[in-house]
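The whole structure should be built from the sequences, with the hints applied where relevant.
Protein chains in written order, with full-length UniProt numbering: chain A, 1 to 354; chain B, 1 to 354; chain C, 1 to 354.
Just so you know, same-sequence chains aren't split out, so a pair can sit in one copy or run between any two.
Below 20 Å or equal to it, Euclidean Cα-Cα: the simulated PhoX-like pairs (lysine-lysine) are:
hint	residue 1	residue 2
1	98	153
2	197	153
3	98	197
Read the hints as simulated data drawn from the structure, not as lab findings.
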Amino acid sequence: METRLGELVERFGGQLQGDPDIAIAAIAPLERAGPADISFLGHSRLRAKAARSRAAALILAPQDDAEVAASYAGARIVTANPYAYFARTAQFLLGASKPAPGIHPSAAVHPGARVDPSVHIGPQVTIEEGALIQAGAVIDAGCFVGREAVVGKDTHFFANVSFHARCTIGARGIVHSGAVIGGDGFGFAEDKGVYIKIPQIGRVVIGDDVDIGANTTVDRGALDDTVIEDGVKLDNQIQIGHNCHIGAHTAMAGCVGVAGSAIIGRHCTFGGAAMVNGHIEIADHVHITAGTLVANSIAEPGRYTGFYPIATNAEWERSAALVRNLGAMRLKIRALEKALKALESGSAAQPQAG
Amino acid sequence: METRLGELVERFGGQLQGDPDIAIAAIAPLERAGPADISFLGHSRLRAKAARSRAAALILAPQDDAEVAASYAGARIVTANPYAYFARTAQFLLGASKPAPGIHPSAAVHPGARVDPSVHIGPQVTIEEGALIQAGAVIDAGCFVGREAVVGKDTHFFANVSFHARCTIGARGIVHSGAVIGGDGFGFAEDKGVYIKIPQIGRVVIGDDVDIGANTTVDRGALDDTVIEDGVKLDNQIQIGHNCHIGAHTAMAGCVGVAGSAIIGRHCTFGGAAMVNGHIEIADHVHITAGTLVANSIAEPGRYTGFYPIATNAEWERSAALVRNLGAMRLKIRALEKALKALESGSAAQPQAG
Amino acid sequence: METRLGELVERFGGQLQGDPDIAIAAIAPLERAGPADISFLGHSRLRAKAARSRAAALILAPQDDAEVAASYAGARIVTANPYAYFARTAQFLLGASKPAPGIHPSAAVHPGARVDPSVHIGPQVTIEEGALIQAGAVIDAGCFVGREAVVGKDTHFFANVSFHARCTIGARGIVHSGAVIGGDGFGFAEDKGVYIKIPQIGRVVIGDDVDIGANTTVDRGALDDTVIEDGVKLDNQIQIGHNCHIGAHTAMAGCVGVAGSAIIGRHCTFGGAAMVNGHIEIADHVHITAGTLVANSIAEPGRYTGFYPIATNAEWERSAALVRNLGAMRLKIRALEKALKALESGSAAQPQAG
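The following block contains the structure:
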């Protein structure tokens, strides 16, 4: 859809420098934006590029405005958080693309499921008995929604999502293709070397405004529920074990794994492929670097890291061999300390003996 | 379904302290269990919680019985392995929930497939020519079973499993949503910088009582088969390369990766995100800690570990810089040893010279 | 299909030692090959096994020919790269197994999609409006192809692939089951602790001869495209973030993760579970070892490694504790150096003082 700069400022605030009637049809990056596009300046280091942009309008921060305005002739929206402003603008411009309500004739919707008339259900979908799909939800092709599962208002399942029995997700969620919500947790009792499955009868309970990435898996709880609070953002190929609890507005990058019964705080971030052991607790505002294994609970906010530094293979072979032999190195240091002390007493004694 | 304590003890053994006619309808955790529930005491540290439980009955170990019985008024089943007993009880109580036999009208079952009349096939399923689905199997919505594949008795595929041509799985298996069994192995011949695909014509051959997690992938063999023996338990998002052989009753936690042609023994365990290099051999009863890369064969049973210890980011930056410079540190120690030796000879010589 | 040795040599070159009319029906490994099979010798260390093979013919390198020929009585094709020759032979022998053209009646193909008459579309497939499926493509059961997506000539999607709107893949590609191409990139603006989604409107643009493994995910670009050049081979469960650029003929093993906006050169290789940080650049001909995190750009070709060496758990506990205390170790070495220097001056001074 098309909008005017005036409408954007009415909706999202910011200070407009320019004509409110300028029409905006699309978003574009600084270097590709043309006379119907709006773009944004995310970092001050891009000022020169912004100044040369042919965008109809730029969203930028107060500290960048003067320098950009000196050579850029288009309109500007000045705001404290240009990236967030751009995000809202982009959502607004692109928001009208929702598919029409209705159920595709190839979908298998159980007569005992409750589907709001405003819902879109694509081809090859399966909705089981007792499931509830609330107003404005979009269930794309090939998705599976199990018995008595609940999909909240305006939540969007992309193609081929599996959302299992009795699990629930709140409003405005996004679940990407191939995600599996509510598979059984990995729970077994060992008896003489053989594993006996513990039935997994808890649910996955997901709050509002949660995004779940492609091929991410969230297991149902064993007896209690797995819980994902409001505003959590999970990237692709993340694994969340049974009975985990992820606090609100925590974000995890791709390939993160969280073992069962981990309790993670609010406003945490996890870099790609970070791993969290089971049955540990992580406080609010903890930030884990990519590739780091969190083996124990973390009680203090802050940034934590633990990965082996990359090097040329030859250098790594040397350093890895030395890491294995750190014990020997320590013994040598102790021996040196002892020998030195002996020598010092000897030396110190000498003058008196002399 | 509902049962009586007497029936549980008849089926699973254990010593009953209490009335065999007490009715049990469900399992529940210690703190939530009520007068129709059975619960269990998994660790002695939970004795106090067990003593306060309002469960109709508790499953517990002999060493915990006296203390719990002192204040807990319900019935007790005393057994050496309460967790395994609980698992069997839970399976028994929940076991009757199998869907009715029959093929959903939206399923595409090739006329040349052989499907036992007791099998349940859900909506949107595809079964290709020559596939064999044995008695009591359940194939949920959206699954794909390829040509001449074999699904054993009472095996359950959750929604959206891909089980490719000629692969086989035995009895009582569980394959969770999004798992892909029998995709091509990653085999290429390089010729002047360009990769030429090696056709992958082996199968995946899976034993009885194997569980495979959501979005886990097991590749077919190149010429020979990939083999997963009886009782293996694979969690979610595990990758098993072509021509691997996983020994019976080995268990792997989420996100583990096993490269091609690795041979893994029986009764091994792998923590989350452990990685195994290709063409290596791991003995029986080897236990790999989470986040550990197994670069070479392991011949001795035991626990093996290798991950960089987590620290605050500032501490990690210091330690990682030192890890890179361990060579320099070793040189300094050597120089110290040499200098000290020189000094010792000097010092030792002095008194005689004095 | 069956062929003759003469036809293989005509097609793929090599020097034939033996009767060109010998019939070949299949490929097989050295030890299982029989009188209708062709096999190959990939490494000189397998010479003895090759010499005992009962294959009708062997493909082998000049340096192995004399020794093998001494005891092996079958025909030989001598070529500089036996593995590549074997790959081409295997493809040729197995190549005729393409399914018949046509659209399965259960598929939901939008009337506004353009599907070449030579295309095979399996059961339960969804093809959306404006999609273009070119000649000879095979779309297996349960796949989803979004609006205006393009699938190139002779490209094969295995069951349950999700290929999203406007993404394109070239000719002769293979996409394995569960792969998700064109899911949204993980882009959010943070505003007062809450994440605001950045709409992801770029595409995924994939070249010719690209293979994508099972459950691998490639995100669409934010504003620009994610690009995968010709001949790239991605194994299973790989995650490629938005706006990445993967150079031609680069290969990645299973479980690799590449964060957003990483630029990776041509002819690179990545071992399993290697991870690449976002916004970095990796030169051509860089080889990353399994389990290694690439935290910064790499400008020089070569092999790079960084993983913690595995050890028995007890040894690891000692070495990991010492890694954490490397700072203390360094201080001790400094103190030793200082004390030694003091001692040396003292010792040196003594004789003069004596």
